[in-house]
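J.: Single-letter residue listing:
There are 2 protein chains.
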Amino acid sequence: MTQPADRLSAAFAALADPTRRAILARLSLGQTSVSELARPFAMSGPAVSKHLKVLEKAGLISRGREAQWRPAKLEAAPLKAVTDWLEDYRRHWEQSFDRLDGYLAELQNKKEV
Amino acid sequence: MTQPADRLSAAFAALADPTRRAILARLSLGQTSVSELARPFAMSGPAVSKHLKVLEKAGLISRGREAQWRPAKLEAAPLKAVTDWLEDYRRHWEQSFDRLDGYLAELQNKKEV
Chain Z
1 MTQPADRLSA
11 AFAALADPTR
21 RAILARLSLG
31 QTSVSELARP
41 FAMSGPAVSK
51 HLKVLEKAGL
61 ISRGREAQWR
71 PAKLEAAPLK
81 AVTDWLEDYR
91 RHWEQSFDRL
101 DGYLAELQNK
111 KEV
Chain U
114 MTQPADRLSA
124 AFAALADPTR
134 RAILARLSLG
144 QTSVSELARP
154 FAMSGPAVSK
164 HLKVLEKAGL
174 ISRGREAQWR
184 PAKLEAAPLK
194 AVTDWLEDYR
204 RHWEQSFDRL
214 DGYLAELQNK
224 KEV
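Sequence lines, in order, name chains Z and U. Quick note on numbering: the working numbering labels position 70 of the first sequence as 70, and the sequence is numbered without any gaps. Quick note on numbering: the working numbering labels position 22 of the second sequence as 135, and the sequence is numbered without any gaps.
Check the hints yourself; a few may be wrong.
[As the list claims (entries may be wrong)] In silico lysine-lysine, DSS-like type, Cα no more than 27 Å apart, as pairs: (1) Lys-57/Z to Lys-193/U; (2) Lys-223/U to Lys-186/U; (3) Lys-73/Z to Lys-57/Z; (4) Lys-80/Z to Lys-170/U; (5) Lys-80/Z to Lys-193/U; (6) Lys-163/U to Lys-193/U.
Keep in mind that the hints were calculated from the coordinates and are not lab data.
Using the sequences and the hints given, assemble the complete structure.
T.: Spelled out as structure tokens, the structure:
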């Protein structure tokens, strides 16, 4: 990236990684330490820390101030911003499914006649 | 990226760019050509084509078969997948706002006493 990313772009970019999404899923159950987070992923502490830095920069998590422990905590505001952006597109997939429903109903009617 | 991205990661990565989100916003009004898309962005055709390739690879758009025109069309299914993923986190920001509401109500009560 050559220019500083806007908040929404930073959130989308941070979410574009399955490990980071899994970390957020774990944090949605409660705050925890890097070593606790590393365990289920069979990842090193530094590898997890690197992912946490991306998530923190995007505002998706915050870190505690305790020198050793520094628990990571989910911050939901950027997820809400992302959802709000997607909300404008809801009618598009709802229309797609309505068209499919209409088509299936039509097939059903033909069968019954 | 060193490994092929999963569908959800590809969608998030494609959305992590303000120009690509603006292109999707334009396509949500109806399918259109590369030259039509390029106009409001003051971008070259090749620059728009590059963005369209990323969006197409992520399944967010499809392209028509007409050799010259090849209109781009919004495809909503990946946006639905992204929204479905975010839905699990809705209670987190709703809780945050509930706590804020509670705090504001408390302040209001104190004022009224």
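J.: Within a Cα-Cα threshold of 27 Å, do Lys-223/U and Lys-186/U meet the stated pairing?
T.: Judged against 27 Å, a Cα distance of about 55 Å means the pair is violated.
J.: Compare the distance between the alpha carbons of Lys-163/U and Lys-193/U with 27 Å, and conclude whether the hinted pair is satisfied.
T.: holds, 24 Å
J.: Is it true that the CA of Lys-80/Z sits at most 27 Å from the CA of Lys-170/U?
T.: At roughly 26 Å apart (the allowed maximum being 27 Å), Lys-170/U and Lys-80/Z satisfy the hint.
J.: Lys-80/Z and Lys-193/U were given as a pair; does the straight-line alpha-carbon distance stay at or below 27 Å?
T.: Status holds; Cα separation ~15 Å.
J.: Is the Cα-Cα distance between Lys-73/Z and Lys-57/Z 27 Å or less?
T.: holds, 13 Å
J.: Are Lys-57/Z and Lys-193/U close enough, with their CA atoms no more than 27 Å apart?
T.: holds, 26 Å
Consistency note: the structure conflicts with earlier hint 2 alone.
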